[in-house]
Amino acid sequence: MVHYFIEFRFHGYAKKYAKHLIHEVARKFRVKGVTQNRAVPHIALFGPFTTNHERKVVSEIVAVGREFCLVPFIVKGFNYFDKEHKVIYLDIDPSAELKELRRKLAQKLSKISDSQPWDDKKQFQFHSTIAFRDIDRKFSKIWEYTKGKEEPNIKQHLLRITIIKGKRILYEYDLILKKLLNRKQALSRYWLNKTIKNYKDYMAS
Numbered sequence: 001m002v003h004y005f006i007e008f009r010f011h012g013y014a015k016k017y018a019k020h021l022i023h024e025v026a027r028k029f030r031v032k033g034v035t036q037n038r039a040v041p042h043i044a045l046f047g048p049f050t051t052n053h054e055r056k057v058v059s060e061i062v063a064v065g066r067e068f069c070l071v072p073f074i075v076k077g078f079n080y081f082d083k084e085h086k087v088i089y090l091d092i093d094p095s096a097e098l099k100e101l102r103r104k105l106a107q108k109l110s111k112i113s114d115s116q117p118w119d120d121k122k123q124f125q126f127h128s129t130i131a132f133r134d135i136d137r138k139f140s141k142i143w144e145y146t147k148g149k150e151e152p153n154i155k156q157h158l159l160r161i162t163i164i165k166g167k168r169i170l171y172e173y174d175l176i177l178k179k180l181l182n183r184k185q186a187l188s189r190y191w192l193n194k195t196i197k198n199y200k201d202y203m204a205s
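So the sequence shown is residues 1 to 205, counted in this note's numbering.
It is possible that some hints are incorrect.
In silico PhoX-like pairs for lysine-lysine, Cα to Cα no more than 20 Å straight-line [to be verified]:
hint : residue 1 : residue 2
1    : K141      : K83
2    : K104      : K76
3    : K15       : K108
4    : K104      : K178
5    : K121      : K83
No lab work stands behind these hints: they were computed from the structure.
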C-alpha cells in the first residue's frame with residue numbers, strides 16, 4: 001500500500017545550510033542514508049501513514065492551513081535520537097503557531113489514517129534529519145564532529161505544507177497564497193517566486 005507523508009520543506013538560507021551539512025557529513029563519513037535519494041531538508045509534520053481517504057486527507061490539510069499564515073520557527077543547534085537506529089538532526093525550536101498547526105493536523109488526520117505513535121504526542125520532537133540509517137557504527141564519530149560545529153540559529157517561516165505520496169509531491173498547500181498547488185505548480189519557479197514575493201510584502205507591511 002502506498003505511503004503518505006506530510007512535511008515542510010526548507011527554503012532560502014536554511015535549505016542551503018542543511019543541504020550542505022547533510023552532504024558534508026555523508027562525504028566525510030561515507031554514509032548515505034539521507035543522500036541515497038535526493039536530499040531534501042524538511043521537518044516532518046505527520047506520518048508516514050496509509051489511508052483509503054486521499055481526498056479527505058487533502059481537504060483536511062487545506063482546512064487546517066487556512067487557519068494559519070505566518071508560522072515561525074528557529075533552526076537551533078544539533079541533537080540526536082538514541083534509538084535502536086540512531087538519528088542525528090538539526091534541532092527545531094517551534095513557535096506556538098507551529099505546535100498548534102501540527103497538533104491540528106494530527107488531530108484531523110489520525111481519524112482517517114494509520115498514524116504513527118509519535119504523531120499523537122503533545123511533546124512532539126520537531127527536527128530535520130542530518131544523518132540516519134547507516135550511521136550506527138560511526139555514530140560517535142559523526143556526533144562528535146557535528147556537535148563541534150558552530151550551532152546554527154536560523155529564523156524561518158513555514159510557507160507550504162507538502163503532501164508526499166510514494167516519495168513524490170502530490171500537493172502543497174501554500175499558507176501565504178492560501179492556495180492548493182498541484183505537483184506541477186508546487187515545483188514551478190513561477191509559483192515559488194510568487195509565494196516569496198507575497199511573503200516579503202507581508203513581512204514588510
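These are the hints, each one checked on the structure:
1. K141 / K83: Given pair K141, K83 holds - Cα atoms ~17 Å apart, limit 20 Å.
2. K104 / K76: Violated, at about 24 Å.
3. K15 / K108: Status violated; Cα separation ~29 Å.
4. K104 / K178: Status holds; Cα separation ~17 Å.
5. K121 / K83: Since the Cα atoms of K121 and K83 sit roughly 17 Å apart, the hinted pair holds (cutoff 20 Å).
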